[in-house]
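Enquirer: The chain contents come next:
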Amino acid sequence: MNQDLSKTDETVSEQDDFLNLLTSQVGSAGKIEVARDNVSEPVIRSWCDAMSESNPLYTNPDIANNSKHNGIIAPPAMLQVWTMSGLHLGSQFQRNTEDSPSAGVYELLDEAGFTGVVATNATYRYDETIKPGDLISGSQKLLDVSEQKATAIGVGHFVTTETIYSDASGKQVGSMEFRVLKFQPGTGKENQQPPKKPPRPKPASNSSTDWFWDACNNKELRIQSCDDCASLQHPPAVRCLSCGSISLNTVIATGKGTLHSWAIAHYPQAPAFDYPLIVGLVELEEGVRLVSNITDIEPEDLKIGMPLEVDWLDVDNEFTLHQFKPIQSVKQKSKSESDGEGENNSQISDLDQNDSDTQITKKQDPKLDLKNVQIGDELPISLVPITTLLIVSTALATRDYQDVHHDPKAAQSKGMPDIFMNILTSAGIVSRWINDWAGPEIDWNSIDLRLGAPNHPGDTMTLSGSVTEKNHSGNQVSLNIAFVGKNSRGMHVSGTAEILLPEISEED
Amino acid sequence: MNSNFSSKTAIVGIGATEFSKDSGRTPMELAVEACEAALVDAGVDASDVNGIVTFSSEQNFEIEVARNLRIPALSHFSMIPHGGGAACGTIGQAASAIFSGSADYVLCYRAFNERSWHRFGSGVQDRHGGAEAFDVTFGWTSPFGLLTPASWVAMFATRYMHLSGATSEDFGRVAVTDRKFAATNPAAFFYERPITLEDHQESRWIVEPLHLLDCCQESDGGQAILVTSLERARDLRNPPAVISSAAQGSTDDQQAMRSYYRDDITRIPEMKFCADQLWKNTGLGPSDIQVANIYDHFTPLFLPQLEEFGFCEKGEAKEFLRDGNIEMGGSLPTNTNGGQLGEAYIHGMNGIAEAVRQIRGTSVNQIENVENALVTAGTSVPTSALILSQDH
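Protein sequences appear in the order of chains L and B. Quick note on numbering: the first sequence equals residues 12 to 519 in my numbering. Quick note on numbering: the second sequence equals residues 782 to 1173 in my numbering.
Honestly, the hints are just simulated from the structure, not real lab data. Mixed in with the good hints, there may be bad ones.
[What the hints assert, rightly or not] Between beta-carbon pairs, the in silico distance windows are: (1) L:Ala241 - B:Leu944: 23 to 31 Å; (2) B:Ser1068 - L:Gly255: 36 to 44 Å; (3) L:Gly255 - B:Asp1044: 17 to 25 Å.
Glycine included, each C-beta is placed from N, C-alpha and C at the ideal position.
Next up, chain B with everything else stripped away, as it sits in the complex:
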């Protein structure tokens, strides 16, 4: 996002289904329900919506969602690639469409049954052959049994531990904090079910060095977010969550989940690129952020994100965690909804909704005096990030 359209748009509606391990409904029902809830939240009629942005991995296409919502026409529709890396990108492209005038109200959503239908975490073991370039990338890893998202992330984690001195317990602190916030969030799957660091350490291996409790839960559910211009937002019922900036990033020798060939695989250069854009576009810095939703599909990649945004020095995220900074009362409370480990894994979209609640002052784990909230999207893929702010 160019700085000249920073703070010109806002999130005005959020809506979600319940988060579960078996929704009992089709993903399309979940998508439509979530979108309806976002429209109700915003007080906007579906007939005013003329833009939809979702993930390229979304299976509930915009045309069928629009048909069910009785959206008469769409002048902007696009899809963002690379799984959870798309989350904040949907908001960024919605804002861009609104700023450019190609749409007025844009719905962004993600909905699926990734637990009760095909289990997302089972990976690509059934994906064989194929000659297209993306198929061929799996040829470098699948024959060796590196088949799941957890296994792809584990390769980064081992190297990160080796260079930074971070331990499995440091990863565990992320999970424990997430679950602590989830325990007080009635919408969270793990509501009233906190864990201890011992629970984390005793949980079984998924892919060493990742324990079960380092991995987010496959979930059923849907989350929708409505974006419009700040000008229109000010006439709606909720305080606008101003989109100060949103950025996408893909950097040198980028691979999907397996960027193993760069000089330093303990860094996340595409996230650093997003951070640089956000700070440049907004004039803000790490000390201006009061609350964050840091993407936590797997705990190990939470740590280098803190480093890339400058909340701590490279290799020092472990101390940042040990000092309690990400907890309630810390310098940067994160994932106050419980994160994807505690609330649900809706590919980052539920983290954006939580940032909206923190700006509105309606979170169940509300942080005081939130001016700016940071949200990051899926790591180890081309990614995105955004800052939401109070309207002044």
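One chain only, chain L, in its complex shape:
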């Protein structure tokens, strides 16, 4: 698929030369970038709105003025935002490659066809609280350019930079180690794998049989019946097979029956199905038989004569097929609810409860007692619906105008199926979620993120995490929280956050 990957001596040597060029700037620092604007409340508020961040210390002066900060503070997760280049008179700002070693490397990589870019890791350390009025500057150093790697999204080079952020007095307020993958679009493992599982073959039908499949789409199992002699028959015909009548009708079956016979398909395997595949011949209690899948059962538990009931399979929202599953005794039922399936269902019902709520669903536990948080305590699961609005509004709120975060065609030309969430937002949403749990009193030390499967519109990210460390240092107690955010493609983000709990009084 990728000609450049052929390992002739010549190309290996060309690759070596190219890598030497890429790494020649490693260790050098660029010009100090000073933010265009001071830290300001409106920018903070837009960011909080986009992230659904409700910590009052960021937006509510009445509460913030009475806090230990004596006023509004900027969310620590905005550290990187202040020096983002933003839009300059309607066009995306290009850093001068002489002023920025990373920009020089990106340009070399772009020219060599590595035009795709995704952030893969970020570690933010928060040394000082940033407040409105501060003027932040950043000094970036190129830490590393990797050799060529084959990754899931494409063949490319990892570029690692470190940025030190300072305030106007030169005092360091935080730092960021940032790693991106510059890759060749279309060279990912995803592109080389067979396409997504196709849907099951649609039932071949015509106007004599459409009623059967239309009924299935309404989750009704219908059988052909004769108006004259009341016989039932399946598969349907154009005459009554008993009396020859042309007056045919349909009746709704109860959906109950027994297993008349079965087959378990192993080979050959059609891509639309999962194997081993159980196919049953079901005798309905009305007396006719039909072929269907038998679900919710292990092959060794199949028994001819076992009672079954109809179930429904929605195939890619295109059409619905009947399936049959055992009519379970009470004992069997409680067993199946205690295994993995039950957990899955509870997540789905959470989604249902919260779906109509806010853009980003959240669960708050008002009774959380930070003093008594223990290692192993779990944070409440949060479901984050990934919408175009969320991706675009958060990209703008983080002053990130990279086209892959708002322009689907541009994202596709760079090897992605659609626009995707930027890493500043992943950091912001994780921070928001931890703030929701821990409350506004905490301070942030650091957050370390590793990005995997991109968040594309239409997906849902499920955040979960737990306390992994609790460290005491004098009156200070810090917590380490390990977290993961999963979407339908896999792990979107994983990492660790370190927060400081409010100081505990002596009596504790």
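Use these hints to put chain B onto chain L, whose structure you have.
Expert: Chain B only, in chain L's frame:
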């Protein structure tokens, strides 16, 4: 076939290509080669042939085969539907054409690359949609993943095991016997490669309850058979294999491969119908048959065929097999060429050729004193069967 033209026609020539998994030639070359070989075997010139009967699934149409063979004109040509169910039907319709006077010499053939070209066993997974009645029949099974011949047969097999008590090992006995005969047949794909019942049991699942070794092999090859009147046959070089009777059968609520909606799906009523016709037309019965070729695309449907022909009672084929009846020296040696599991899967036509050899006395696994040989065609579809006999 009506009894009044029983034994009026005969098979006078058989010809085949080699059986392989990659012929290296086109199916048309295979068809023409097989037909040429049958004509040479019979000592008949192509210019005397004026009839061709083949399968409706045959892709080498009679006109192109006739063109290559330089057959000047055809007065009878027809095609029999339903895959392997057509095999004996081609001979029956050839005999019928000859008896009626619409043809003198009729070639029947089947040729394909079902292994090296499109793999026949992959089934209908690429067959989507369509509004014609036959397309619509697949709508009742394909969306549920019942896509291959093996899967269609497996549904019958499970029920048969349940009602009869037959086991996977009983199915295995069919495969082991086939492979034992194939092992001594140089024309067989599995020549000198017998299997044990353990091999059968250890072979991987294809569609439970069918193991790999319950399934015939997709093959490349061609088989042709020449039919003429018994009167003409007697002037030719080989002893005639007299067509005592040939019958086709399709019965109530018949479906193609998936007749799942009848009262008892462990029976094969269309094969019973063929059996009844053969016994009636010939006056013969099970004890008059010395050797048989019982269609064995998948082993499970071998068993109920024995029951439908009355070689054993319903549900008792397993005992019939366990007692060694189908082996050399048994009461009904079957598939002495190795069957479709051992020799090749030429949709039943090679089984007819083996019955001809048994009548002539030229089989590599010759049974002594063969008077009558039974051949059956593809099961779970509309089917056919025939009895070949010595000329007296």
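Enquirer: That 36 to 44 Å hint for Ser1068 (chain B) and Gly255 (chain L) (C-beta), does it hold up?
Expert: holds, 42 Å
Enquirer: For the hint 17 to 25 Å, verify it against the beta carbon of Gly255 (chain L) and that of Asp1044 (chain B).
Expert: holds, 20 Å
Enquirer: So does Ala241 (chain L) sit 23 to 31 Å from Leu944 (chain B), Cβ to Cβ?
Expert: Once the Cβ atoms are compared, 29 Å apart, the range 23 to 31 Å for Leu944 (chain B) and Ala241 (chain L) holds.
Checked against the numbered hints above, the structure violates none of them.
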